[in-house]
Amino acid sequence: MARANPQWRDVRGEVLVVFNGPHAYISPAWYEEPGTVPTWNYVAVHAYGTFRLVEGRDGLLDILRRTVTAYESPRPEPWAFYESEPHVERMLQAIVGFRIEIALLEGEWKLSQNHPEGRRRKVIRGLEGRADDDSLEIAELMKEGMAKKR
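Note that the sequence shown covers residues 243 to 392 in our numbering.
Because the hints were derived from the structure by calculation, they are not lab data.
Watch out, some of these pointers could steer you wrong.
Calculated cross-link-like contacts (lysine to aspartate or glutamate; reagent style EDC-like; alpha-carbon spacing at most 20 Å) [to be verified]: (1) 385 - 350; (2) 391 - 350; (3) 385 - 374; (4) 364 - 348; (5) 385 - 370; (6) 390 - 374; (7) 391 - 379; (8) 390 - 325; (9) 352 - 382.
Generate coordinates for the entire structure from the input sequences, incorporating the hints supplied.
In structure tokens, the structure reads:
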């Protein structure tokens with residue numbers, strides 16, 4: 243987190259961290275039925291745990307090494323992390339590290355699963371008519387969910 247961001251000074255103890263996945267507005271027009279209302283379909287993970295500041299250069303470097311490795315290793319030409327570089331030293335002065343000791347993970351999702359299959363198919367068609375990635379991903383997740391129920 244940026245050291246200039248004052249939030250790190252106020253976070254203590256138990257926290258909830260929400261990792262949002264794809265989400266999309268659902269138009270009631272897609273249902274082709276009167277008396278319906280708009281809604282939102284989404285997928286998220288709620289992580290409950292304890293916030294811990296990571297103090298000191300070694301702790302920050304450990305977080306940076308792990309983060310860079312996780313995101314760079316799949317790339318054909320990964321960026322190399324050299325902790326002795328001057329720009330890395332400047333970054334270390336500008337950030338605050340933290341960890342969340344996870345106590346509980348909960349998956350949260352709303353994919354029109356409370357609607358009949360015919361209505362869900364209409365929603366999928368509506369979502370597939372959009373060009374944004376989130377709508378298309380929600381449509382795929384809805385299809386997967388319907389396939390599992392068979």
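Distance restraint between residue 385 and residue 370, which requires alpha-carbon spacing of 20 Å or less:
holds, 11 Å
Decide if the proposed pair is consistent with the structure: residue 352 and residue 382, CA atoms, cutoff 20 Å inclusive.
holds, 13 Å
Assess, step by step, whether the Cα of residue 391 is no farther than 20 Å from the Cα of residue 350, and give holds or violated.
The given pair, whose Cα atoms are some 18 Å apart, holds under the 20 Å limit.
Checking one constraint from the list: CA of residue 390 to CA of residue 374, max 20 Å. Satisfied?
violated, 25 Å
Measure nothing beyond the straight line between the CA atoms of residue 385 and residue 374; if it is 20 Å or shorter, mark the hint as holding.
holds, 17 Å
If you draw a straight line from the CA of residue 390 to the CA of residue 325, is it 20 Å or shorter?
Since the Cα atoms of residue 390 and residue 325 sit roughly 47 Å apart, the hinted pair is violated (cutoff 20 Å).
Decide if the proposed pair is consistent with the structure: residue 385 and residue 350, CA atoms, cutoff 20 Å inclusive.
Holds, because 17 Å separates the two Cα atoms, which is no more than 20 Å.
For a C-alpha distance cap of 20 Å, please report whether residue 391 and residue 379 respect it.
Distance ~19 Å between residue 391 and residue 379 Cα, so the pair holds.
Do the alpha carbons of residue 364 and residue 348 lie within 20 Å of each other, as the hint requires?
It is violated: about 29 Å lies between the C-alpha atoms, which goes past 20 Å.
This entry does not satisfy hints 4, 6 and 8, going by the numbered hints stated previously.
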